[in-house]
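Protein chains: 2
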Amino acid sequence: EEVDKLLALKKELETTYGVVDKKPAKETKPKKEDKPKEKKPKDDKAAETEDGENNGGGFVLKTPKGSRDYDPEQMAIREQVFKKIVGVFKRHGAETIETPVFELKETLTGKYGEDSKLIYDLADQGGEQLSLRYDLTVPFARYVAMNKLKQLKRYHIARVYRRDNPAMTRGRYREFYQCDFDIAGEYDPMIPDAECVKIVSEILTDLEIGKFVVKINHRKILDGMFAVCGVPEEKFRTICSAVDKLDKMAWEDVRKEMVEEKGLDPAAADRIGTYVKLAGGMDLVEKLEQDANLMANKSAQDGVKAMRTLFDYLAAFNILDTVSFDLSLARGLDYYTGVIYEAVLVGAEVGSIAGGGRYDDLVGIFSKGTTIPCVGVSIGVERVFSILEARARANGGVRTTETEVMVISAQKGLMAERLALVSKLWAANIKSEVAYKLNAKFLSQIQHCEKSGIPYAAVLGESEIKKGVVVIRNTATKEQFEVPNDEVVPRLRALLGRSA
Amino acid sequence: EEVDKLLALKKELETTYGVVDKKPAKETKPKKEDKPKEKKPKDDKAAETEDGENNGGGFVLKTPKGSRDYDPEQMAIREQVFKKIVGVFKRHGAETIETPVFELKETLTGKYGEDSKLIYDLADQGGEQLSLRYDLTVPFARYVAMNKLKQLKRYHIARVYRRDNPAMTRGRYREFYQCDFDIAGEYDPMIPDAECVKIVSEILTDLEIGKFVVKINHRKILDGMFAVCGVPEEKFRTICSAVDKLDKMAWEDVRKEMVEEKGLDPAAADRIGTYVKLAGGMDLVEKLEQDANLMANKSAQDGVKAMRTLFDYLAAFNILDTVSFDLSLARGLDYYTGVIYEAVLVGAEVGSIAGGGRYDDLVGIFSKGTTIPCVGVSIGVERVFSILEARARANGGVRTTETEVMVISAQKGLMAERLALVSKLWAANIKSEVAYKLNAKFLSQIQHCEKSGIPYAAVLGESEIKKGVVVIRNTATKEQFEVPNDEVVPRLRALLGRSA
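Those sequence lines, one after another, are chains P and H. Counted the way our numbering counts, the first sequence spans residues 1 to 500. Counted the way our numbering counts, the second sequence spans residues 1001 to 1500.
Chain P on its own, in the form it takes in the complex (with noise of 0.2 Å):
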């Protein structure tokens, strides 16, 4: 009754005078105008600037440089996103495993070129050298060499470290997710490189963050079409990372990059030139297939024989319309022995959202005398990420919890009433929460309801607890119902949809 009594108050009041008591009851989500910084969009800026808040006690409060914090709402997202790409990964029989957050610094010495500066050093505090992890590869192939497997097929989400410049390269961060699945193991051609295939093409289509194309390569007919077309040996790689920049430049500027800066023949260029263009399935294949000139490369023909068997696997799984064979596709990382590939979002300017490739010699450098053959894929979760930040923004945002029911007092006290009642929607495994308030205004509790989004609350007052019963309410309708006490579990739970 005292219930009926306030709701009728409340609406009387709202009537009159507009929403009553702003203020919910519990605020247990950043303020918009308190987030960090880095949650809006210009993001960059903020990473790049070393000013922070000072608190007035003579020291800054802030991140540190190309770092950030993840608010509730972005770690909803975040969970949903790993829900959806770890069920992938265990939907194709994937294990995992974690390592440490730092390596031994020869352990990553030499493994990524130039890049190797970007790498953070821990402080020399007597004892080993450490670094913390560039990639989550070379820690997987230290893994695999020195456990001495022979096989492993896992998955790994962590985060990596690279003292890149935020400012530079934009939505980049210097602590961010990787996702990584690698099969590693001596199998027959191709079989586990079209799983890793099939995996990028089911994740991000259970994302459901738009059409996309996977770009496929082999780094083979890279090299043959690089010989065929007159590049000198010892230029393979560096035009190799010309032609990675297509994704970004025109033809002509990268056409210029390589006669220009790089020094490579005209005549050589355009013979480049014709074949970047080309892209397809089981066509291109063919096509390159009856191009003598270069069938007769043997490293070309090994490329080209190996697509076709990919791109038969990829038939097999039903995937041909999300895969492009793509002579364009380059992929910048040197030890890519084989197929790479490469996921992008169809008409959106957000860079790859997936890569990886083959690459068969990391293990070896670990365990000398031996090496195991590996294949992988790495997804671009933090796009992901953003992608979906800035959808929930412009949905109204995410709930931050799982809050099923709100138990709520009618009037002043009834602690330990409400405490009971509370106690027993978590023992039956009702996701419920209380006010932490003797005397908790009733309108607010309402009100928290509403804001955070919980479906029902379970509201007891003086009359109700002599009658033996509660009042359960809709927080959507605003329809209520007495319950008795006995029934109060078994009501919530069908109203919930959960098995009796």
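It should be emphasised that the hints constitute simulated quantities derived from the structure, not laboratory data. Treat the hints loosely; a few may be bogus.
Part of the chain H face toward chain P, derived, beta carbon under 10 Å [to be verified]: (1) Y1070; (2) E1079; (3) D1124; (4) A1194; (5) K1198; (6) I1319; (7) L1320; (8) Y1335; (9) G1338; (10) Y1436.
If you're wondering where the values come from, they're calculated on a predicted model, not measured in any experiment. Glycine included, every Cβ here is placed at the ideal spot set by N, Cα and C.
The hints should help you fit chain H onto chain P, whose structure is shown.
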């Protein structure tokens, strides 16, 4: 038919020769003898040594001192543990955040007393001075202050870093998980505090790691007790840290430390001795309320009053049987200001498995002028992992994948057919694997199912393909039956207990 013939053959061979073909088709688990040293009971020894495996390439193949990899089996256990713990946090309406693995060095400075020497610093590579986080509490306080939050109920599960000597502290690593739950905000006395104790109780119950007790005390009672026993105020802290050793040392030894090392009047020590022997529940609250000497001290009076309120709420939560008001509980950290608690397993010598308390002044250090009272609890998950890993070993290990179906060929080849079938299963969200071999041995594939605990196999042979059927085989019972192609998915889903 091929399937039947092969299985009959296998049976015959097994009867004649014992188990045939011990090698599984795919081995994704590290072999027992290849497991990292850290896995075995002699953990500390392994972590302590600076020796690693030399790969013959002139450098040492190991993880940094005091750190370790988590292998798939450890990760499977870790995932189960986190799922249960996070389930409890979410049941209580908690949000989650993540903070960078490093903080500005000055953020950590002056927060850990003598232990500050254990902080890992990053090298000075130009820019800010950074340190790895030492716990999750200081980053939490920094986050609350930086975002000017008035309220936050959050959990945070992440690794922290301490340059401790891993040899000195058994089972202690330099990189280890913490699992924290904290409530920040100005609320009525003891309500959030009671919820923290309730959460410890729920988590330890859900983890099923044995009978436990949550010891509870109050800093103000300790201070009051010291005062009325005649401890000079400047000795409160050092005497408190002596009391803290009562869980590992006999009273006689603690008394000796107080008197001989810390110069306490023996009569004062004896008076303390009579108090720290006391433990109980509401009966102890009442006993202390009758202690006129103690009640004459304002601090003790406030503390005892708070304990009465707390025990009222713990009674409402119905967890009086798992808590003990224990005057010998002191807790090491300086920053506690109110209730403190620590959970221990009854009859197990593993030390505390959870602990926490109220710290009302920490946020204020980061936000001069205002502070936000906090109370929280940290679950000692590494100890939980150890207990559950030992249990798993005793029970023959845990599954490291969730694979439900292995797509198997009954004869050579059939790669495209197998890939098409496994792809159909993935599309139906059935967790499935296929061997990465063109000519996988049938028996090896069957044995992979047995070894990895994959409950079903979907078997394809030429004749099955011709008939348009798949043979479904139950790994445990070895029963098998033919299913038409278009009924494979619904039949498997039904067998796996999925809803249609």
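Evaluated hints:
1. The beta carbon of Y1070(H) is positioned within 10 Å of a beta carbon in chain P (closest approach about 4 Å), and the interface hint is therefore held.
2. A distance limit of 10 Å between C-beta atoms decides the matter here; for E1079(H) the minimum to chain P is near 8 Å, and the interface restraint holds.
3. Checking D1124(H) against chain P by beta carbon gives a least distance of about 7 Å; that is within 10 Å, so the hint holds.
4. Hint status for A1194(H) relative to chain P: holds, with the closest Cβ pair at about 7 Å, below 10 Å.
5. A hinted interface residue such as K1198(H) counts as satisfied when its beta carbon comes closer than 10 Å to some beta carbon of chain P; here the least separation is about 7 Å, so the hint holds.
6. The beta carbon of I1319(H) comes within 8 Å of a beta carbon in chain P, closer than 10 Å, and the hint placing it at the interface holds.
7. Violation of the interface hint for L1320(H) is found here, the shortest Cβ-Cβ separation to chain P being roughly 12 Å, above the 10 Å cut-off.
8. Nearest Cβ of chain P to the Cβ of Y1335(H): about 17 Å, over the 10 Å cut. The hint is violated.
9. A least Cβ separation of about 14 Å between G1338(H) and chain P goes past the 10 Å threshold, and the interface hint is therefore violated.
10. For Y1436(H), the interface hint holds, the least distance from its beta-carbon to any beta-carbon of chain P being 4 Å, beneath 10 Å.
Checked against the numbered hints given earlier, the structure breaks hints 7, 8 and 9 and satisfies all the rest.
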